[in-house]
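K.L.:
Chains A and V supply the protein sequences, listed in that same order. Take the position in the first sequence, starting the count at 1, then add 10; the result is the number in my numbering. Take the position in the second sequence, starting the count at 1, then add 10; the result is the number in my numbering.
Keep in mind that the hints were calculated from the coordinates and are not lab data.
Which copy? The list can't say, so a pair holds if one copy fits it or any two copies do.
List of simulated lysine to aspartate or glutamate pairs, DMTMM-like, C-alpha gap at most 20 Å:
#1 K109 <-> D55
#2 K74 <-> E28
#3 K77 <-> D55
#4 K41 <-> D94
#5 K77 <-> E28
#6 K77 <-> E140
#7 K74 <-> D55
#8 K36 <-> E140
#9 K41 <-> E140
#10 K112 <-> E140
Source: prediction; values computed, not measured.
Number of protein chains: 2
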Amino acid sequence: MSHDVSEPGWSPQGPVVELSDEESWKRLSSKNFGHLALSTRGRPDIFPVNYYSDGRTILFRSSKGAKLNELVENPHVAFEVDADTPDNVWSVVVHATAKVLKDDLVLSVAARETLPAWIPVEEFVYVSLEPNSIRGRLFERHLPIGRI
Amino acid sequence: MSHDVSEPGWSPQGPVVELSDEESWKRLSSKNFGHLALSTRGRPDIFPVNYYSDGRTILFRSSKGAKLNELVENPHVAFEVDADTPDNVWSVVVHATAKVLKDDLVLSVAARETLPAWIPVEEFVYVSLEPNSIRGRLFERHLPIGRI
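Chain A with its partners taken away, still in its complex shape (with noise of 0.2 Å):
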């Protein structure tokens, strides 16, 4: 799960630079919007969820529902977040087992005022997803100096 900052690559966007494990989870941690692939027997489906990440697990809300029923299905699944800056675009992918709380208690005060607030008519649990791993990549918008 781990390795350097690298010189930039290419991507069909242009320069692309891997990011380490650290700044990946570090930008993962800063924001609190991504997108949830999950797969069905070969169907994958994909929901953009709220989360709060501690900077070493994802946790979120669902109520009972098509994307609850597919975690329980098949618990592994990819969660990625991104960003659009001025100067680049970055993307952070984690593989990851999905796994529903029993016991909120656990829960910490972060989390629970990171998320946002619930309409309390729905019946939800906390998922939690336990990573495998982990990989940023900032894709840059302009040639950097020296190499054009």
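Since chain A is already given, all that's left is putting chain V on it; use the hints.
P.N.:
Relative to chain A, chain V alone:
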């Protein structure tokens, strides 16, 4: 593949409105950045993608790499586009079959000009998503008048 705009239901984040297929395609076609979910042998993966849509199919470029290999192994994909506005968040998900185009002469000028500039050293192909279903949802930030 058709349902009308419904009365708001409830989601974990608040009231949710189902969008018609026409409205979903209109919103999807108004953007050019989305997320593609793939699945290989039960393991989902996710990629941020610049795309072009003419309101019936979705088109993007892919270089030779993980994304393309996974697409060829299992062409079933999910593609999601969303946007954040002051009043609401909307999200459109298309379940589709990916097809690598053998001949890019079929592409319209609009498609060529909308997709971001490519670095000429990279080899790439065009991938088209043939939709099987579309679902659009709009999450309201505020409770509608009369609901509380």
